[in-house]
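Undergrad: Given only the sequences and the hints, what does the whole structure look like? Please build it.
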Amino acid sequence: MITEIEMPSLSSLYGRAALGAARSKLRPGAGARSLPGKTMLAQHPGVSAEQAESYRRLFGGEAFDGAHRTALPSVLVHIIGFPVQMALMSQDEFPLPLIGLVHVANEVEHLRPVRVDQPVQILVAAENLRPHRRGTQVDITVTVLEAGADPAGAGRASSGEASVLWRSVSTYLSKGAQLGTEISQASGAEQVGSSAVTRSEERESFVPPVKTASWRLGADAGRAYAAVSGDYNPIHVSQLAAKTLGMPAAIVHGMYSAGRMLEGREPEGAGHRWWIRFEAPVTLPGTVAFAAEPQGRKVVRFTGWNPRKAKRHFSAELQLP
Amino acid sequence: MSAQNIRDAVIIGGNRIPFARAHTAYATAGNQDMLTSTLNGLVARFGLQGEQIGTVAAGAVMKHSKNFNLTRESVLGTPLDPKTPAFDVQMACATGMEAIGSMANKIKLGQIDSAIAGGVDSISDAPIVVTDELRGILMEANRAKTVSQRLKALAKIRPGHLAPQAPGVNEPRTGMSMGEHMAITAHAWGITRAEQDELALASHKNLAAAYDRGFFDDLVTPFKGVSRDNNMRADSTLEKLGKLSPAFGRDLGNEATMTAANSTALTDGASAVLLGSEEWADQHDLPKLANFIDYEEGAVDFVDGAEGLLMAPAYAAARMLKRNNLSFSDFEYLEIHEAFASTVLAQIKAWESEEFCKNKLGLDSALGTIDRSRLNVNGSSLAAGHPFAATGGRIVATLAKALHGKPGKLGFISVCAAGGQGITAIIEGR
Numbered sequence: 001m002i003t004e005i006e007m008p009s010l011s012s013l014y015g016r017a018a019l020g021a022a023r024s025k026l027r028p029g030a031g032a033r034s035l036p037g038k039t040m041l042a043q044h045p046g047v048s049a050e051q052a053e054s055y056r057r058l059f060g061g062e063a064f065d066g067a068h069r070t071a072l073p074s075v076l077v078h079i080i081g082f083p084v085q086m087a088l089m090s091q092d093e094f095p096l097p098l099i100g101l102v103h104v105a106n107e108v109e110h111l112r113p114v115r116v117d118q119p120v121q122i123l124v125a126a127e128n129l130r131p132h133r134r135g136t137q138v139d140i141t142v143t144v145l146e147a148g149a150d151p152a153g154a155g156r157a158s159s160g161e162a163s164v165l166w167r168s169v170s171t172y173l174s175k176g177a178q179l180g181t182e183i184s185q186a187s188g189a190e191q192v193g194s195s196a197v198t199r200s201e202e203r204e205s206f207v208p209p210v211k212t213a214s215w216r217l218g219a220d221a222g223r224a225y226a227a228v229s230g231d232y233n234p235i236h237v238s239q240l241a242a243k244t245l246g247m248p249a250a251i252v253h254g255m256y257s258a259g260r261m262l263e264g265r266e267p268e269g270a271g272h273r274w275w276i277r278f279e280a281p282v283t284l285p286g287t288v289a290f291a292a293e294p295q296g297r298k299v300v301r302f303t304g305w306n307p308r309k310a311k312r313h314f315s316a317e318l319q320l321p
Numbered sequence: 322m323s324a325q326n327i328r329d330a331v332i333i334g335g336n337r338i339p340f341a342r343a344h345t346a347y348a349t350a351g352n353q354d355m356l357t358s359t360l361n362g363l364v365a366r367f368g369l370q371g372e373q374i375g376t377v378a379a380g381a382v383m384k385h386s387k388n389f390n391l392t393r394e395s396v397l398g399t400p401l402d403p404k405t406p407a408f409d410v411q412m413a414c415a416t417g418m419e420a421i422g423s424m425a426n427k428i429k430l431g432q433i434d435s436a437i438a439g440g441v442d443s444i445s446d447a448p449i450v451v452t453d454e455l456r457g458i459l460m461e462a463n464r465a466k467t468v469s470q471r472l473k474a475l476a477k478i479r480p481g482h483l484a485p486q487a488p489g490v491n492e493p494r495t496g497m498s499m500g501e502h503m504a505i506t507a508h509a510w511g512i513t514r515a516e517q518d519e520l521a522l523a524s525h526k527n528l529a530a531a532y533d534r535g536f537f538d539d540l541v542t543p544f545k546g547v548s549r550d551n552n553m554r555a556d557s558t559l560e561k562l563g564k565l566s567p568a569f570g571r572d573l574g575n576e577a578t579m580t581a582a583n584s585t586a587l588t589d590g591a592s593a594v595l596l597g598s599e600e601w602a603d604q605h606d607l608p609k610l611a612n613f614i615d616y617e618e619g620a621v622d623f624v625d626g627a628e629g630l631l632m633a634p635a636y637a638a639a640r641m642l643k644r645n646n647l648s649f650s651d652f653e654y655l656e657i658h659e660a661f662a663s664t665v666l667a668q669i670k671a672w673e674s675e676e677f678c679k680n681k682l683g684l685d686s687a688l689g690t691i692d693r694s695r696l697n698v699n700g701s702s703l704a705a706g707h708p709f710a711a712t713g714g715r716i717v718a719t720l721a722k723a724l725h726g727k728p729g730k731l732g733f734i735s736v737c738a739a740g741g742q743g744i745t746a747i748i749e750g751r
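Protein chains in written order, with this note's numbering: chain A, 1 to 321; chain B, 322 to 751.
No wet-lab data here; the hints were simulated from the structure.
You may find that some hints are simply not true.
[Claimed, not checked] Keeping only pairs whose Cα atoms sit at most 30 Å apart, straight-line, the calculated DSS-like set for lysine-lysine is: (1) A:LYS298 - B:LYS679; (2) B:LYS477 - A:LYS298; (3) B:LYS670 - B:LYS681; (4) B:LYS643 - B:LYS679; (5) A:LYS243 - B:LYS429.
[What the hints assert, rightly or not] Quick list of the computed label-pair ranges, beta carbon to beta carbon: (6) B:ASP685 - A:ARG301: 31 to 37 Å; (7) B:VAL490 - A:GLU53: 25 to 31 Å; (8) A:ARG223 - B:SER648: 57 to 63 Å; (9) B:LYS477 - A:GLU268: 17 to 23 Å.
On a predicted model such as this, the values are computed, not experimentally measured, just so you know.
All C-beta atoms, glycine included, are put in the ideal place defined by N, C-alpha and C.
TA: Right, here's the structure in full:
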């Protein structure tokens with residue numbers, strides 16, 4: 001079932017999320033809950049030249065000059081789909097509380113170029129509600145379609161589907177929320193997408209690669225990404241709010257790291273895919289040691305870590321066409 | 322144009338002011354002050370008052386926007402004929418080498434008969450600018466057509482926008498300082514702390530000895546009461562150098578080797594070299610120290626670590642030597658700019674490595690070894706300091722003088738630069 005909605009506003013969704021946090025959703029000992037079967041669809045007028053330019057200023061990439069760079073970077077496409085993800089997760093029947101939900105992984109298939117001012121349809125669904133040793137995980141799928149294409153069935157269409165421009169799986173963890181036993185058995189082992197599998201032993205044996213860059217993030221890095229993306233989640237923009245929500249300090253958006261690692265490395269058009277898996281959050285202000293390691297001509301691995309504690313912030317991989 | 326139409330470009334002499342550690346003796350001098358003074362010294366040394374020079378080319382790496390025409394403005398402050406054209410060059414730490422090399426080419430082609438080339442840099446008077454946000458708001462207010470539009474723009478100013486911005490010392494595409502980059506290259510080549518400290522000590526000893534025997538008497542003019550490079554420590558010892566803690570590559574832990582002493586200090590200073598055709602030098606009864614034979618620019622792909630930031634000269638040297646059918650054993654003296662002691666050592670190790678020379682330089686075998694007794698014999702940047710754009714002029718004038726009176730003897734120059742670039746050059750004594 002596809003429910004068409006107006007393009008949502010993130011600020012009103014965060015207001016509702018704050019209310020939702022007080023409401024009883026999944027809590028330790030609460031019974032099994034299931035995902036709403038609903039798929040949400042929103043029409044987006046397209047990324048404006050102004051928003052593309054503000055994105056570029058944030059990451060320092062090449063200009064969207066309308067001649068040599070017209071296609072949007074993957075993370076900017078994610079940014080326009082994110083309010084629809086939020087709308088889906090803000091529904092009363094969504095089983096996990098929105099506040100405190102942690103973005104743990106993201107996979108993107110960037111099939112065809114999405115251009116500045118190109119209207120698109122954004123289709124969002126929830127899948128794979130499953131237990132995790134620290135709570136419950138869920139995948140939110142986003143499919144960006146050409147305007148006017150028939151959205152029915154596109155959410156699950158093969159990547160050859162001509163009207164699909166871009167698709168992603170965002171995996172979120174609700175800490176502490178426990179599922180009932182019946183779903184936990186049905187969904188099997190803890191798994192993030194197809195390639196971004198987290199194993200605790202892998203984390204423990206982290207040996208930093210040779211650094212190729214250093215990202216110095218000021219206290220305002222969260223606010224700067226919020227200004228571009230509209231995602232003013234309080235844990236990214238306010239030290240006080242972050243501490244109230246159990247973080248040691250404000251943390252940078254995960255997709256900031258994704259955008260920065262891809263800048264200048266993803267193709268101008270499309271045909272690439274990538275994944276990122278988030279580990280320790282990047283607290284602000286802070287410095288991220290970063291390594292880009294080409295694995296042959298088609299694959300680049302990325303790692304971000306805290307250079308003082310040798311603690312990994314993220315690992316990622318880009319597959320070029 | 323056929324080769325026989327190319328004439329010699331002669332290095333007549335040079336002048337520089339002593340280099341001073343940042344925020345010391347030249348703290349109140351700007352780039353234009355230092356470059357003008359350096360040009361004045363050159364004019365006085367070679368009697369160029371009222372002379373119309375073919376072209377003056379110089380530059381600064383750290384430059385105020387008001388100094389958009391730095392070299393021309395400096396020329397106008399000297400007794401040179403005001404009809405002398407001038408322009409600014411910028412190729413990071415290779416600015417001076419690029420200015421000299423391109424001027425030598427103009428002379429070789431017969432486009433000009435004389436040239437002055439050099440550079441200047443000031444860390445003490447570096448341009449401080451406003452934030453991008455504040456500049457954007459001020460420009461928006463400037464474009465506003467009504468008072469209310471202007472006030473609306475100005476109302477966007479936040480306290481954080483007002484913080485002054487010092488010029489970046491990091492590579493824009495990696496956010497890493499040059500020292501951090503070099504630490505990774507040094508580690509990859511297995512360069513030890515001891516060999517870096519030894520190179521640093523030799524630089525100070527050689528520079529001090531050159532001053533003591535009067536070598537710099539006709540290369541350096543005092544400025545603001547300074548007569549020798551104030552970074553020089555003639556009394557340094559390996560024990561003293563060995564006590565310093567690492568300054569770069571600290572995340573390498575125990576394997577960090579680069580200290581403040583085996584890395585170049587930030588410095589203020591300026592240099593200039595006088596070039597001319599043989600005929601012009603003879604007509605003006607000027608000395609002919611050496612010929613500027615050739616130079617080569619290089620660049621490497623450093624952004625994702627495929628090559629070390631400061632390794633471009635290793636590549637440029639291979640091409641330049643092949644073109645001139647020379648090897649390292651053909652050189653009487655070699656000047657490898659000491660951005661860091663490990664920069665010099667990494668280049669030497671690369672040229673000695675069969676694997677590197679085959680795989681990276683596309684050669685059949687290693688390029689060769691460097692006779693260390695011929696390397697940086699009159700000191701280099703670790704002792705003298707390194708005002709970015711001024712280093713090329715210091716090296717060319719120093720090497721030309723060392724080769725003067727040794728006709729046919731060759732000198733080799735290597736200078737690395739930010740952005741993964743570098744220049745190598747060959748000069749020949751006469």
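Undergrad: I want to verify a distance hint. Is the separation of the beta carbons of B:VAL490 and A:GLU53 within 25 to 31 Å?
TA: With a Cβ separation near 27 Å, B:VAL490 and A:GLU53 satisfy 25 to 31 Å, so the hint holds.
Undergrad: For the pair supplied as a hint, B:LYS643 and B:LYS679, is the alpha-carbon distance within the 30 Å limit?
TA: holds (14 Å)
Undergrad: Lying within 57 to 63 Å: is that true of the beta-carbon distance A:ARG223 to B:SER648?
TA: holds (58 Å)
Undergrad: Please verify whether B:LYS670 and B:LYS681 have alpha carbons no more than 30 Å apart.
TA: Satisfied, since the Cα-Cα distance of roughly 13 Å is no more than 30 Å.
Undergrad: Below or equal to 30 Å on CA atoms is what counts here, so check B:LYS477 against A:LYS298.
TA: Violated: B:LYS477 and A:LYS298 sit about 44 Å apart, past 30 Å.
Undergrad: Would you check the hint for A:LYS243 and B:LYS429, treating anything up to 30 Å between C-alpha atoms as holding?
TA: Given that 30 Å is the threshold and the Cα spacing comes to 69 Å, the pair is violated.
Undergrad: Holds or violated: A:LYS298 with B:LYS679, Cα cutoff 30 Å?
TA: Satisfied, since the Cα-Cα distance of roughly 25 Å is no more than 30 Å.
Undergrad: The hint says 17 to 23 Å between B:LYS477 and A:GLU268; measuring C-beta to C-beta, is that right?
TA: violated (32 Å)
Undergrad: Verify the CB-CB distance for B:ASP685 and A:ARG301 against the hinted window 31 to 37 Å.
TA: Roughly 34 Å apart at Cβ, these two residues keep to the hinted range, so it holds.
Going down the numbered hints, you'll see the structure goes against 2, 5, 9, while the others check out.
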